[in-house]
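Sequence lines, in order, name chains R and C. Be aware that the first sequence starts at 1, since it is given in our numbering, and climbs by one per residue. Be aware that the second sequence starts at 1, since it is given in our numbering, and climbs by one per residue.
Hint data in this document are derived by calculation from the structure and do not stem from the laboratory. Note that the Cβ used here is the ideal one computed from N, Cα and C, for glycine as well. Treat the hints loosely; a few may be bogus.
[Stated by the list, open to error] Derived coverage of chain R by chain C (criterion: at least 3 residues anywhere in the stretch with Cβ under 8 Å from a Cβ of chain C; other residues may be distant):
#, region
1, 34 to 40
2, 105 to 113
3, 175 to 187
4, 216 to 230
[Claimed, not checked] For each label pair, taking beta carbons as the anchor points, the in silico distance ranges come out as:
#, chain 1, residue 1, chain 2, residue 2, range
5, C, 79, R, 200, 25 to 35 Å
6, R, 12, C, 55, 23 to 33 Å
7, R, 244, C, 208, 39 to 49 Å
8, C, 241, R, 160, 23 to 33 Å
9, C, 148, R, 242, 25 to 35 Å
10, C, 151, R, 160, 16 to 26 Å
[To be verified] If you want the footprint, here are the derived chain C segments under chain R, 3+ residues with CB under 8 Å:
#, region
11, 35 to 43
12, 47 to 58
13, 62 to 74
14, 106 to 119
15, 125 to 135
16, 139 to 149
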Amino acid sequence: MPDPEKRRTSLGDIVTNNYVWRSIFRHGYADTPRNRVLQVSANVWLHLHPSKMRRHGIRYRHTWCAGGLTFLLYLCTVVTGVVLMFYYRPTGEYAYWDVKYLDFDVPFGMIMRNMHRWAAHGMVIFIWLHMFRVFMTGSYKPPREFNWVVGVNLLTLTLLLSFTGYLLPWDQLAIWAVTVGTNMARATPLLGTEGPFGPQLGMTPRYDARALLTAGTVVGAPTLLRFYVLHCIFIPIIASILMILHFWRIRKDGGISGPL
Amino acid sequence: MAENIQPGTIQDQEEVKVQSGRARAALPAADLPDKVHTWPYLVRAEFISGCILLLVLMVWSITVDAPMEEPANPTKTPNPSKAPWYFLGLQEMLVYFDPWIAGVLLPSLIIVGLMIIPYVDINPKGNGYYTWSERKFAISTFLVGFLGMWVGMITIGVFFRGPGWNLFMPWDYWDPHKVVPLTNIDLPYFVGIRSQMGAMLFGTICVLGWLVGIPGAVWQWKKDHPFFKQLGMMRYGIVATLFMIMAGVLMKMILRLSFNIKYVLVIPNILNI
Chain R
1 MPDPEKRRTS LGDIVTNNYV WRSIFRHGYA DTPRNRVLQV SANVWLHLHP SKMRRHGIRY
61 RHTWCAGGLT FLLYLCTVVT GVVLMFYYRP TGEYAYWDVK YLDFDVPFGM IMRNMHRWAA
121 HGMVIFIWLH MFRVFMTGSY KPPREFNWVV GVNLLTLTLL LSFTGYLLPW DQLAIWAVTV
181 GTNMARATPL LGTEGPFGPQ LGMTPRYDAR ALLTAGTVVG APTLLRFYVL HCIFIPIIAS
241 ILMILHFWRI RKDGGISGPL
Chain C
1 MAENIQPGTI QDQEEVKVQS GRARAALPAA DLPDKVHTWP YLVRAEFISG CILLLVLMVW
61 SITVDAPMEE PANPTKTPNP SKAPWYFLGL QEMLVYFDPW IAGVLLPSLI IVGLMIIPYV
121 DINPKGNGYY TWSERKFAIS TFLVGFLGMW VGMITIGVFF RGPGWNLFMP WDYWDPHKVV
181 PLTNIDLPYF VGIRSQMGAM LFGTICVLGW LVGIPGAVWQ WKKDHPFFKQ LGMMRYGIVA
241 TLFMIMAGVL MKMILRLSFN IKYVLVIPNI LNI
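Work out the full structure: start from the sequences and follow the hints.
Written out as structure tokens, the structure is:
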């Protein structure tokens, strides 16, 4: 270890070698094996990772970084989504014009909406890439079976998040895409008015699986409010809980997969 | 561990280990332990990939605006009405199957089928590394299902479907008045069966033969094979049924697109397959 007294001259030392800095970052600044471990294990954001890992696991060609980037895109949608929520009212009268206002009058409103939209689409693509990669490396095999199941649930929730958000601009694209999507629920066996045995069980257009989704017989203002709550509160909370489980299980199941 | 490595050299040796190819081959790194420090090697890789992704997202968001059409109007239905692009595979299946099969049963089977993969794939090989030769069946099934069918049907839905959900080439004019002759016939009619009872019987034999007969015959033929013994009848039944349903969807698509076959089995007011 070099004597810190002799190295006072460097800017890095001036910044790091004081009481305040050391109260925040417990590990030293010098590049030693101990500090490398502490930089990961003593950091709340990085401690998801093990302090040492197998060499092949950091290769881009092994992981494609697809899972991590899916999570990063999720964080992007959360941050930009909260910004959008300041300006958006989920009612039939206001929704469309609030989005127009965001696009044309709110400073950085357009880029916030663009980033939210494209990050959401990117998240769908990256979660598929992640599933594809995990399948190709056989990483769902023991002991990671259950984490694959959690991942499939996260994939489904991602699609539902994206689908519920699709309605919120309240334009022609939104209302008809969601009409097409929710119409399928009408055909649910037993629970849909046009599904097998649905009418026999008393399902009507106002009281079946589709009416539960759309809060009515057509995609209208009540649907908008319902999708808004699902999109901003319900599904993100469920997805976040499953993400905590997913990331925790990666560590508990032995870290990143690799040849045994 | 760290004690027998000289200070100042450890990062070099670890750096050698995280490098691939020639740099590693040139140095005697094979006897080094397989583990490297997460900081800086993984954190660095994550940081770089995250920066690139955010940069691409920023540039994309500056240059391409999110779509915004006229205000929602429930009285004005666009033609075609397309679901969000990631659901166009399901919308495409509506062409070939009744809504409750295409919109509810098959999506549920996709989700359930994905979730049970780890519990029915008993092949211990290929755990944590890329291999083709050790997992030929699993990988080819997944490639056909995911790339061929899921991504393929989304591609058809996004680029090749126009007004009236008719097929258009991407460069074609979307003519909303395009006339497509309705020449679809049912499979029993196609093979020359004209009576309704005969058609239902033939259709039932086809569907049950596909879903039960073929897997059952394969089981009878192969059940003494050590792999099938280890797999067991339960797991074999689940895998074979899901596999034949997936292959059946593909077969039905081929029959429709190539031979204009509408249904294989029609039981009026109850079931069309």
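| request: Quick one: which hint numbers does this structure break? Sort them smallest to largest. | output: When the structure is compared with the hints, none of them turns out to be violated.
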